Amino acid sequence: MKTAQRPVFFRTKEEDNMKKKRNHWKIPTALLAVLTAVCIVAIPVTGYFQTMINAALDAETQEVIPDPDAQIFYWTDYETEEELVANDWAVCRQVTAEGAALLVNRDNTLPLPQDTKFSCFSQSSVDPVKVGTGSAFMSTSEGDSLSSALQNSFQPGCVNTELWKFYITSGYQRVNADLTGGDPSQYRINEVPWSEYPDALKATFSDYGDVALVVLSRSSGEGADLPSGLPELEPYMTDGDYLRLCKEEVELLENLQALKEQGVFKKIVVLLNSSSTLQLDFVDDYGIDAVLWVGNLGLNGLPAVTDILAGKVNPSGRLVDTFLRDNHSSPAMANYDAFPYTNAKELGLATAQNNNAPGIDKCNQDYVVYQEGIYVGYRYYETRYEDYVLGQGNAGEYDYDADVAFPFGYGLSYTTFEYSNFTVEDQGDTFLVGVDVTNTGAVDGKHTVQIYFQSPYTQYDKDNGVEKASVELCGFDKKEIAAGATEHFEITVEKEDLTSYDANNARTYILEDGDYYFTVGSDAHNAVNNILMAKGADESRMSGSGDASLTYKWSNTSFDAETYSVSPVTGNPITNLFDNADLNKYEGAEDQQITYLTRNDWVGTFPVEPVSLRVTQAMWDDGLTHEESGRAALVEKYKELYWSDVTEAPEVGVSGTLSAIDFVDVPADDPTWLDLVDQIPYESMLNLVYNGAYQTAALPEISLPGTRESDGPTGFTKSLLGGSSGMAFTSEDVMAATFNPELVKEVGKCIGEDMLHAQSDNTVTLMAGIYAPGTNIHRTPYLGRHNEYYSEDGWLSGEICAAEVQGIRDRGMLAFVKHFALNDQEEGRYGISTWSNEQAIRELYLEGFEGAVRGGAMNVMSSFNRIGVVWAGAHHGLMTGILRDEWGMEGAAITDMSMNASWMDYRLGVLAGQDYWCGQKGSMGTLDGSEDDPALATAVRNAVKHIVYGVTRTNVMNVGDATVVSIMPWWQVTLYSATGVLAVLTVLCALMAVRTGKKAKSAAQDISSNEEGK
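In UniProt numbering, the protein residues as written are 1 to 1014.
A few of these clues could be false.
[Claimed, not checked] Heads up, simulated EDC-like pairs for lysine to aspartate or glutamate below, C-alpha to C-alpha not over 20 angstroms straight-line:
(1) LYS495 with ASP560
(2) LYS117 with GLU81
(3) LYS312 with ASP107
(4) LYS247 with ASP144
(5) LYS637 with GLU587
(6) LYS468 with ASP436
[As the list claims (entries may be wrong)] Estimated spans, in silico, between C-beta atoms of each pair:
(7) THR486 with GLU261: 41 to 47 angstroms
(8) ALA90 with ASP601: 30 to 36 angstroms
(9) ASP399 with TYR74: 53 to 59 angstroms
(10) ALA561 with PRO66: 51 to 57 angstroms
By construction, these hints were calculated from the structure, which means they are not laboratory data. Given the structure is predicted, the values throughout are model-derived calculations rather than measurements. Just so it is clear, CB atoms sit at the ideal spot from N, CA and C, and this is done for glycine as well.
Using the sequences and the hints given, assemble the complete structure.
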């Protein structure tokens, strides 16, 4: 009898449970497998970035057991954190107090009475610029607002709170532009249109009508220059120019003027809250009564500003840039941009980037030509003015007043000063300049004496292309002078500073025969006028007046091309090193000659359009090539040019008992340094050279701990990497405007102290250096990093930078002076070719760095750009010829941030004198396997010596003869452990999944067998 068949949709309870019993191990196995794979991939990726990750996480990478009997080389001056912070705040406030420059004070509007009532106008009044963006960015939220500062300097309730609230809630917050390019709207000034001021708000003005206080702010920072006339930005600013008043600001001033005429406001006072120099074509309009330039304020600058308004501080700042009515009148503006070579496309060249971006490995398309030569800032305006007055040099109908609003060195006070008894004494290598200064007013005040010189512009200069400025700053001093009192100033001027660089004939520094003038001037323009009066100039052609009694003529009777042709520091000869940056001397580009601006023919040589250039084969071979074969050929060329006398590779990694602590007082030229360095294995040397971002690696072989470095041109900051920061100080131009090196030295000490106090108790974070100060110059007002550099004047920059460096060094920290060199714009900074002539390079763009290094800086940070077609860090003339052979720098040179920028080649760099790279090991050539290469291995050893030498001059040596052990940072331990655990769990889950699958399969087979039996 046949058994009846069950319907297929019918199951027993046992079968149904079996069907429901799925393999639940498959999902966790898959998830764990994915996580394991992620961790496995993360190991090499994070390993590549481990240096920066360690810095960001403050991760322990070493165990340092200090010597219990260690000598302490650097102590903090503060017993408590509270004392340190209080001093930081006080110094920041003092810098603004002495750096803010009073430009306009009609009818003695300032200082204001104690009972003054204020209406504060502009969106920036509630959000002023305190710091720059990018590497200069720091938190400033703890600082006073303008409202609170005013009420502290004057009296509570003196500020129109309804207007204050209006700006806070207006929705027109000022854009603190990151200025990195891209979205044009980031550049908008974003001022509130007058049409949006409610009538009820306007009704409050009369109750707070003593002063309409207008704040005009502009931001700037790393990554991009300021727009100087971009049509696409016209909706956001006048003519697409960021430094002109926008239509809403014009509208605001027009309405305030009308309200002043109606009697609603008594006075209009303007604060120029910008490091970048606004175009001041408006200061004589709109009924403005007073103008005070304050720059970027730092964390605690605002209280000093309001104290100046109240007369509690007498302003004494002097401008370190020429402030213009027409920012485009500068001869540098015609060539201020990144311009593509005309044959760039056919050669496959890539755009020079502003920031790290795709294609950074081939940034070689763009160039800039410094066609203006030495005529930057006051060197142009005052020189052309003098030639116009004297009717020489084809100066044309030059209108000085149409260009210049306020000259370099300008600044008013609440008192007046008179000069007398001006003397100059020739003391051989120096001049001793003396002058009496009398405070003829009713209040005490600080005063800066500025000494200028003029060298003769001769037929020799015209024949040999040597340019001369009508005046140059060569000395200064600042003192407090009581009302009615007289102070005697004595200032030493180095005769070396009177020289000019003759790149075409003598090929060195010369001191010509002829008449040299010295003068004391209230500013650069006044200095020229004094000299013009001494020359008997036609006063009807002059702008302003001068005093011939405040000049001294020194007649030099012999042409001297010998005395200053050797370095006073090293004794090495000085001669041309930058012929390859001047197309007029460049072999292989003879058909591309540059007409530089000359005072022998102002009208005929003034730049009116960008110089057009194409790439020649020589330019391609010398540095524009991004091909490995081309760079390898350059490496061999460098070996032949600079290392031909080195025939054997050094033996390194040798056993020895020398320790870094033994060398803290050993001079850099002592040969035993090489014995110490030779104890370091070559692999460790390369690690030091490759991976320098914000740290130096530990070297247990010589008992040298690893260190940390920070960013911060205006204060110690880890903003790029996270973590704590120190005090945010003013922009560097405000520091320079103090004309007070001792005060700036205190800024340096404060920065050093902040870093000392950032050390952790377990010696994990041994802070040893800071990537600062910035020492390039303000070639034009539109420089993105204007706030990070001191001045348009290289000599002043060097004097002020040296003071700040001395303060940083005093606290046992290294100052990496940046960006070395000719990094005077942000546009195209990654790889742009910078063309200039040797006189301008030496007298303007290197002078600040020279002053800093000769003043005590042991370290520099090289720049991204090319000099000519050669990357700055691979330019032997710059990194070795100037930096070490002439200036005698003994520490290390680090690069700017490097990752995969092929032109920043490791081999070319170390052969030229570059020591280590601020980044992780990238695809920029390789030094791997170079231990047997005589030139490369010796260059690497020299680089390591420079790095180690610098570290031994820091507070890190407070650990003494320490035991140093490199350890794996916690995050790597975690990553490796997590990878291992996840791998094990993945395997276990997989086994369980297989086991479960087998059981399920077996059970299914049993059911099937049962069914067949039935």
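Hint check:
1. LYS495 with ASP560: holds, 12 angstroms
2. LYS117 with GLU81: Distance ~37 angstroms between LYS117 and GLU81 Cα, so the pair is violated.
3. LYS312 with ASP107: holds, 19 angstroms
4. LYS247 with ASP144: Outside the cut-off at roughly 29 angstroms; violated.
5. LYS637 with GLU587: holds, 16 angstroms
6. LYS468 with ASP436: With a Cα-Cα distance of about 29 angstroms, the restraint between LYS468 and ASP436 is violated, given a limit of 20 angstroms.
7. THR486 with GLU261: 41 to 47 angstroms: Cβ of THR486 to Cβ of GLU261: about 44 angstroms, so the range 41 to 47 angstroms holds.
8. ALA90 with ASP601: 30 to 36 angstroms: Hint violated: Cβ distance 53 angstroms, outside 30 to 36 angstroms.
9. ASP399 with TYR74: 53 to 59 angstroms: holds, 55 angstroms
10. ALA561 with PRO66: 51 to 57 angstroms: holds, 55 angstroms
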